[in-house]
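Enquirer: Here's the letter readout for the chains.
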Amino acid sequence: MNPGKIFKDGLLTNNPVLVQLLGMCSTMAITTSLFNGLGMGLSVTVILCCCNVCISLLRKLIPSTVRIAVYVVIIAGFVTIVDLLLQAFLPALSESLGVFIPLIVVNCIIIGRAEAFASRHSVGEALLDGLAQGLGYTAVLVIMSVVRELLGSGSFGAGVFNGGKGWQLFPAGYACSYLTLPFGGFMTLGCLIALVQFLRSKKGEAEK
Amino acid sequence: MKLHIPGVRIKHTLPDVAPVPSLTLPLPEKLYMPLSMHIGAPAAPCVSVGEQVYKGQKIGEARGAISAAVHAPVSGTVLAIEQWPSARGGECETVIIENDGLETLSPDLCPHPECENDADALVALVRECGIVGMGGATFPTAAKIDSARGKMDTVILNGAECEPGLASDYAAMLERSDALLHGIRLLLMACGAKSAILAIEENKGEAISLLSGKLPADGSVKLQTLPSLYPQGGEKQLIYNTTGREIRSGGLPADVGCAVFNVETAIAVAEAVESGMPLIERYCTLSGSAFAQPKVVRVRIGTPVRHISEAAGGYETAPKKIILGGPMMGMSVYRTDMGVNKGSNGILAMAESGSESERQTSCIRCGRCVENCPMGLMPNYLNLFTRKNAAEKLQEYHVFDCLECGVCAYGCPARLPLVQQMKLGKARLRAWQNAEKARKEAQK
Amino acid sequence: MEDRLLVSAPPHVRGGDDTQSIMLRVIIALTPALLVGFWRFGLPTLMITAVSVGSCVFFEWGYRRLARKSCTLGDYSAVVTGLLLSMTLSPAVPLWLPLIGGFFAIVVVKQLYGGLGKNFMNPALAARCFLFSWAALMNSWVSPRGVDAVSSATPLSVMKGMALPAESPMDCFLGLRAGCIGEISAAALLLGGAYLLLTKVIRPHIPLSYLLTVAVLTFLFPRGNERLTWMLYQLLSGGLLLGAVFMATDYVTSPGTDRGRVLYGIGCGVITVVIRYFGSYPEGVSFSILIMNLLVWLLDKWTTPRAFGYKKEANT
Chain A
0 MNPGKIFKDG LLTNNPVLVQ LLGMCSTMAI TTSLFNGLGM GLSVTVILCC CNVCISLLRK
60 LIPSTVRIAV YVVIIAGFVT IVDLLLQAFL PALSESLGVF IPLIVVNCII IGRAEAFASR
120 HSVGEALLDG LAQGLGYTAV LVIMSVVREL LGSGSFGAGV FNGGKGWQLF PAGYACSYLT
180 LPFGGFMTLG CLIALVQFLR SKKGEAEK
Chain B
0 MKLHIPGVRI KHTLPDVAPV PSLTLPLPEK LYMPLSMHIG APAAPCVSVG EQVYKGQKIG
60 EARGAISAAV HAPVSGTVLA IEQWPSARGG ECETVIIEND GLETLSPDLC PHPECENDAD
120 ALVALVRECG IVGMGGATFP TAAKIDSARG KMDTVILNGA ECEPGLASDY AAMLERSDAL
180 LHGIRLLLMA CGAKSAILAI EENKGEAISL LSGKLPADGS VKLQTLPSLY PQGGEKQLIY
240 NTTGREIRSG GLPADVGCAV FNVETAIAVA EAVESGMPLI ERYCTLSGSA FAQPKVVRVR
300 IGTPVRHISE AAGGYETAPK KIILGGPMMG MSVYRTDMGV NKGSNGILAM AESGSESERQ
360 TSCIRCGRCV ENCPMGLMPN YLNLFTRKNA AEKLQEYHVF DCLECGVCAY GCPARLPLVQ
420 QMKLGKARLR AWQNAEKARK EAQK
Chain C
0 MEDRLLVSAP PHVRGGDDTQ SIMLRVIIAL TPALLVGFWR FGLPTLMITA VSVGSCVFFE
60 WGYRRLARKS CTLGDYSAVV TGLLLSMTLS PAVPLWLPLI GGFFAIVVVK QLYGGLGKNF
120 MNPALAARCF LFSWAALMNS WVSPRGVDAV SSATPLSVMK GMALPAESPM DCFLGLRAGC
180 IGEISAAALL LGGAYLLLTK VIRPHIPLSY LLTVAVLTFL FPRGNERLTW MLYQLLSGGL
240 LLGAVFMATD YVTSPGTDRG RVLYGIGCGV ITVVIRYFGS YPEGVSFSIL IMNLLVWLLD
300 KWTTPRAFGY KKEANT
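Protein chains in written order, with numbering that gives the first Met the number 0: chain A, 0 to 207; chain B, 0 to 443; chain C, 0 to 315.
Hints listed in this document are in silico derivations from the structure and should not be mistaken for laboratory results.
Note that this is a predicted model, so its numbers are computed, not measured.
One or more hints might be untrue.
Stated by the list, open to error - Here are some of the chain B residues that sit facing chain C, going by a computed Cβ distance under 10 Å:
#, residue
1, 164
2, 235
3, 239
4, 246
5, 320
6, 321
7, 327
8, 366
9, 376
10, 400
11, 411
12, 418
To be verified - Just the calculated beta-carbon pair ranges, DEER-fashion:
#, chain 1, residue 1, chain 2, residue 2, range
13, C, 280, A, 123, 55 to 63 Å
14, C, 8, B, 291, 23 to 31 Å
15, B, 247, C, 226, 45 to 53 Å
16, C, 290, B, 146, 48 to 56 Å
17, B, 224, C, 19, 33 to 41 Å
18, C, 95, A, 56, 33 to 41 Å
19, C, 69, A, 4, 37 to 45 Å
Beta carbons: idealized from backbone N, C-alpha and C, even for Gly.
Hey, can you work out the whole structure from these sequences and the hints?
Expert: What follows is the structure in structure tokens.
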């Protein structure tokens, strides 16, 4: 499989969130600021790459009847590593993401890729796929976080840029605080999915 | 639980028609006698082209039990027997008669006093005289009596006028009250029923006062005044509103011991017995904004629509739309050279184009159709299910029980074509049922 | 003389009401309450109403145009939404708030679901609740002219503290109290409601069952000793009348059967009282109506009328 297609799939045409509609729970829950979104996205990318490689290596050894359990064990191992690393080196992020880091264990994107891709492809391809899917997930998280952070609290990049302060673009009193609630997550994600579907249908028409 | 049968007071552009005296029009030169102007098989022509026919002579023979004979309404010559536009839509085999103006009666016609007390003879006579339900449904009367004989206790006479703005029943009740009461007696005898209910809408005051004075002393005929709502003249609604009996879905009036006859049908039965004259004439209402004045005329069956409107004084303004029947269920026609038939109770000529020009919005869920539906259906949801082609839902919400009376569409603020949607819904449900049946058979 | 006849499907006559005339009558019915608002709160309310109506109309036009759909401004439903939205706002809100409200009501709640008749929530109320995102702005009240106070609590927020408000019931009836632009005068709202009832735009089921439920519950469970006064204040304060007469009766988001309408009204009443008594907001009308909006399809299903000819036999 050529690397270009794997990346295009992960970022757009088969984006885990916008097209496969996987991992929606964390997507809606943590995208309240760029800090959270970026942190979560990169964590998942790292775990996804490691898991994909590991599962691809073991794919001939894992008996198919117990494969899901084996996947979960492997994923849980990597998640624990990442969780502990975050606690050690980025305590603020770990605090902010809270339970959603451990919950990556049951994130459908990772199990989904393990089942649908890593268990059927070579190690190199699996690594690329993990990277592409992870970046696709991160991209969506970043877009949603930027929108929700900007409209919901009037700031940009708090915790990331400008020495951790970010920029307050307009007073928080004017911001639509509802957008930082789950309701805002649903709305933003809905609009984003609609946009992607619209573009895909446009492209489909053009190809016809 | 007592069911509330709603109905609507139709505020129509049609003025109330003063029913009497009805006009008798000069006869046309050519009459077009469709051989299919009743429910059931078309009649078979029993005259040939060029043959001399007499007024009242049979020109079409009933084919089978559900069919009706057709008779010449005037004396003259048979010009042609060919396909011709029909007032029921489409074309049908039609006997075209050239009127000789002599009104020579058929020698076969004679009074039938033997039918007064002989149900079998009366049914045979009714069949021979081609009498059908004259409220518009045109179901052969003999077949109706046959199917209901002995099973019923009440005969209901429908003087409720099947549609708003028509006055044919009103005129018939006023001008032929004696024949009507004679007809009721004959129908009671033929059906073996004990009592008759003469149901008249409250806006026909003259008929109510005239007939209430003439009812037979033995109390076998009761007069019942009904509110003038539409669709009061519908068979199921009429039976429910007069007797409180509810016909089950898919059932017949005979199931609840009733039979419904239009008042003009009863008059036709009486005339057949009194003079032997078959059904060749009826009352017809001319109304609508294109006419200077609405009126009721007495017309021979087969008279072309155009002749009727011209002979009755013509139009005041050029009509944009001509409707055979009433404003709610009538059929708009694109030509006017077809003959009126046994069910033609009205000719409406509209000077304005009417509902089509109005703007349609999407359904605003106001629920008026649900409030007004005389069958207790939910037209708003049926409309939705039809659009979504949800056949099982259409079945669950009883689309087949829709009368297509048009009350929902009349009151719809969004101006949705609800009646057409109901028809489409029925077709879709039928298609689905057939497909399901085929699928189940294929599985076996 | 009869050439070119028009052929069309029956029925050939139609009743008088159409969507446009119904919406116009709602606008007429809203006018008295709006006028009282203008009179009590002055020019700002006029501006708020203008921005609210203007933004609703603009977004309706803009969205339909962008989506290449037919223009639906002619049915006046956007105007009605704009008026209703402005009537549920405090007279102290900045002008950009109704602008955002108009966008949310028309584009998100109404048009994204397919436009008139397809929305499952009342657009004006949903927009009002969305605007609570700016809670501080939505909950700043000004006192009506003629009452000596700079800023004033609404009778409902006083009653949240289990005390009776300072205004007399008559003041609440006439509109001499703090509150949203369109809700302060019970008299004007009732006048509008009477007009809607008389012109048969609405049926009495929803407003009556809603108000009666609130009346019964507040009478049975008063806070304080004066049952009747407490009930009266509960009925006259907040957005109850505005909600019961104009919001809950919105065709699109209320049941289509009479029995359904009664249940819907009762549901609204119960939820309103529960929120007023136990919720963190002093007012529960908007939320109760929105919650019941979500049940409308179920209510329609449960209260489907018995069709003619489907009588249950006595022995089954």
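Enquirer: If a hint holds in the structure, say so; if it doesn't, say that too.
Expert: A quick look at each hint next to the structure:
{"no.": "1", "hint": "164", "in the structure": "holds (8 Å)"}
{"no.": "2", "hint": "235", "in the structure": "holds (6 Å)"}
{"no.": "3", "hint": "239", "in the structure": "holds (8 Å)"}
{"no.": "4", "hint": "246", "in the structure": "holds (6 Å)"}
{"no.": "5", "hint": "320", "in the structure": "holds (4 Å)"}
{"no.": "6", "hint": "321", "in the structure": "holds (6 Å)"}
{"no.": "7", "hint": "327", "in the structure": "holds (4 Å)"}
{"no.": "8", "hint": "366", "in the structure": "holds (3 Å)"}
{"no.": "9", "hint": "376", "in the structure": "holds (6 Å)"}
{"no.": "10", "hint": "400", "in the structure": "holds (6 Å)"}
{"no.": "11", "hint": "411", "in the structure": "holds (8 Å)"}
{"no.": "12", "hint": "418", "in the structure": "holds (6 Å)"}
{"no.": "13", "hint": "C:280 / A:123: 55 to 63 Å", "in the structure": "holds (58 Å)"}
{"no.": "14", "hint": "C:8 / B:291: 23 to 31 Å", "in the structure": "holds (28 Å)"}
{"no.": "15", "hint": "B:247 / C:226: 45 to 53 Å", "in the structure": "holds (52 Å)"}
{"no.": "16", "hint": "C:290 / B:146: 48 to 56 Å", "in the structure": "holds (55 Å)"}
{"no.": "17", "hint": "B:224 / C:19: 33 to 41 Å", "in the structure": "holds (38 Å)"}
{"no.": "18", "hint": "C:95 / A:56: 33 to 41 Å", "in the structure": "violated (58 Å)"}
{"no.": "19", "hint": "C:69 / A:4: 37 to 45 Å", "in the structure": "holds (42 Å)"}
Going through the hint list in order, the structure does not satisfy hint 18, though it satisfies all others.
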